[in-house]
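Colleague: Protein chains in written order, with this note's numbering: chain H, 1 to 511; chain P, 512 to 821.
There may be inaccurate statements among the hints.
Claimed, not checked - Computed Cβ-Cβ distance ranges for the label pairs, DEER-style:
1. Ala342/H <-> Ser536/P: 28 to 34 Å
2. Leu63/H <-> Glu518/P: 54 to 60 Å
3. Asp526/P <-> Val277/H: 28 to 34 Å
4. Val796/P <-> Asn84/H: 51 to 57 Å
5. Arg272/H <-> Ser536/P: 23 to 29 Å
Since the hints were made in silico from the structure, they are not lab data.
Note that the structure is predicted; figures quoted are calculated from it, not measured.
All C-beta atoms, glycine included, are put in the ideal place defined by N, C-alpha and C.
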Amino acid sequence: MKYILSPEFHRQLWLRFSPFRLVAAPLVILLLIITTGNLPKDFAGIQVDNTSMLYGALTIYYLVVIVWGTYEAATSMQEEMRGNTWDFQRMSSITPAQLAWGKLFGATSYTWYFGALALAVIAYAYGNFHAPEPFFGADQAREPALPPPEDDTPYVLFCLVASGLIGQSFAFLYSFADHTFLFGRTGRTKPPKGIGAFLLGVAAGTEVYIHTVKIEALHLQPRAYAMLRSFELTWYGNNVDRDSFVIWSLLFFIGWFLIGSYRIARAELLYRNLPFVWMAFAASVVAWNCGFLFHVSTLMGGGARYLAVYLPAFIQMLFICYLCMVLESSDTQRYARLAYHARRRDMLRALENTPKWLATVPLVLLLFTMVAGASGEVSARIEPLRVIIFMASLMLFMIRDGCVIHGINLAFRGRGNAFAIMMYYVMVYGLLPAVSVTSLHFSMTDAVNSLMSMRPPANASLVASVFYPTALADPMAGMAFALAEAIAAAAWLYSRIRKSYAPSVIANQKG
Amino acid sequence: MAMITVENLNFDYPDKRALFDVSFSIETGSVTALVGPNGAGKTTLLRCIAALERYHSGKITIGGLDVADHPREVHHVTGYLSDFFGLYDTLTLRQCLTYMAWCQRVPALDVNKRVIDMALDTGLDKMLDQRAGTLSRGYRQRLGIALALIHDPKLIILDEPASGMDPEARVHLSAMMRKLRAAGKTVIVSSHILNELEDYCTDMLVIQGGRVAEHVKLQDYKAQAVRTLNIGITNLGVAHLEILKKQPGLTVKSTDKDMATCEYAGSLEEQQKMLQSLMAAGVPVYTFSVSTHKLADAYMDVTSRKEVKP
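Can you make the complete structure from the sequences, with help from the hints?
Modeller: Structure (structure tokens):
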């Protein structure tokens, strides 16, 4: 608790609480109770019990904790940076955990105070809430009686709290990362406003919230509720308790979001951050996700069962690497420092300056090797070489996109680079393949044949493989295109770096 | 003993190098004026020393601590006021100072005393329960300085601290800097107001084009440098000027009515003898003063001698 109840948390309490605010939240909740408590207990012959109170409190909880709280979390870092108070905090002796978690939980403290009151009403209304038999008509009422549902109030309350924590912690992490590492931050630019972080945080929180509300809503349909509760979840081949799995998964992600904020605070306070925690995060997320595929793989025999897990794991890891490559800042100084320390064999400082995408590359290569090994054992139905070449093409196209996007960032220096990048994607993944395919192959017969057979026109996949990886085309041709484009993009990026650095700097670095 | 040593420091911005092989050292207990034209790299250099930026290469040590290896220890012994700092406008001054004291790990029992002391030192003691957002620019600057000094740091880095201050506040700042100097603190202060820096600075570090142009000990400069003398002579005429020109080390630069502005390269003893000889020769000297703007003179000397490299 000492990490949360820090000077920063205390300052946030000063900012967020006032006598008026302290009174306002209970008043709103009291108003809800009075209003919904006085509603008739049945509506058009249907007994409604505490339904209005429950859904009223749920709505308030959603608006206060998930929407408002996420907004507070997303903008708390930006307030600091826009207010030019960030240097005071960085120069102080506050620890990274106190800074990050004190700020997150302090900025959202009032919404949790408000939300806790709403949760108390939800707990009461949910505990005294049971769906009446006649709610869905006589047909359902005639069906055999179901055992009464277990009291899952603690689970529902946990999920609601987790929905707020997921949204807020993710928004905070994203806004913090946006300032420190992400897209477009080349040198001192204006701090981001946190709108993107807010929207993504609300989306994440809403996802968990909807899951919870669904459970509550299903109480109105006892049979569907019973089905949901009896649904078995298989993870790494084991049947796991659904509620426990949801709880642990939510804790897993909240934990990583909190660790992520802590790590960024460390970076901002100039502690030495080595990339191993990031690698652990990437590996654990892919491992969590692949647990669901394991069940599918057990249906296959021989080496295919491994391939069924390793190949998606490879693609997911490559996707993480790709995201980092295109989102991370094109911070040329960082690459220069990395090269400088690597040349001096100062590995700790070199690792400290390693970008996230580069730290993910060893994991990508490890999975590449595992897939290559597993594909050698599969039956003749899958050509091992084809799989390997396809994976190599994926990596080369990733290098192409990464080089082009870094080059655009360097060329535009934060002005209009987002638009240029969007145009690049539209052109390379949409317009150019479409124009090429239609101009080379379009004829009415081709179009009709293509439509009838539900297949692309002849050679269309080969043309498409010029622009993006496709498993349908000739793999060697696809890889040749990818290789050529990756080399061209790397050469262009190199020229941009040379242009963006003064010649004296390059001469100095060589020395 | 050196408090700060900087060796071959290079710092890059995305499209240019801001500092080129910067090397110097600053003695413990000195007050150094960091001066140079706009865009010379002063703020970048101060931020590197304060362990707020990661530099490309080189080495900085503060009291023996390598800044790159021990940034947090450096933060703990350093008080830094940025040129564009902000305040928590909705908090009172007492809350602002208390918060910073907590963040700087001032012992809990000393926090209130420290807050009051800093408020007294900066002349904010009557406003402690006022919100920071209501302060005028000069008082905001005072609060910024109080926040930077709340933990009694050994090294104090102030970037344009007199910016926006009224004359009274500047006098207050000068007094405070003299107090810090007397307390043995090491101070680096960047400012464009050279006349005020002169009141309390012991050293001057001139930065031009991202390079150290000169590191001057002002005491040495005062003892050795050519001084500007303003000699007022009643009914100044050609005969008087001839006598002045005969004085060893004295060069008449200009005359205006009864005032001759001269450069003098002799020692203080020689200066005294020269004045005596003028009086003995019957020159009606009614005033004799030495220009006090040594820092400005030194800066102009340096900048006129050094070429600015791109």
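Colleague: Run every hint past the structure and note whether it holds.
Modeller: Hints, verified against the model:
1. Ala342/H <-> Ser536/P: 28 to 34 Å: holds (29 Å)
2. Leu63/H <-> Glu518/P: 54 to 60 Å: holds (57 Å)
3. Asp526/P <-> Val277/H: 28 to 34 Å: holds (32 Å)
4. Val796/P <-> Asn84/H: 51 to 57 Å: The hint (51 to 57 Å, Cβ to Cβ) holds, given that Val796/P and Asn84/H are roughly 54 Å apart.
5. Arg272/H <-> Ser536/P: 23 to 29 Å: Roughly 26 Å apart at Cβ, these two residues keep to the hinted range, so it holds.
Figure legend: structure checked against the earlier numbered hints; every hint is met.
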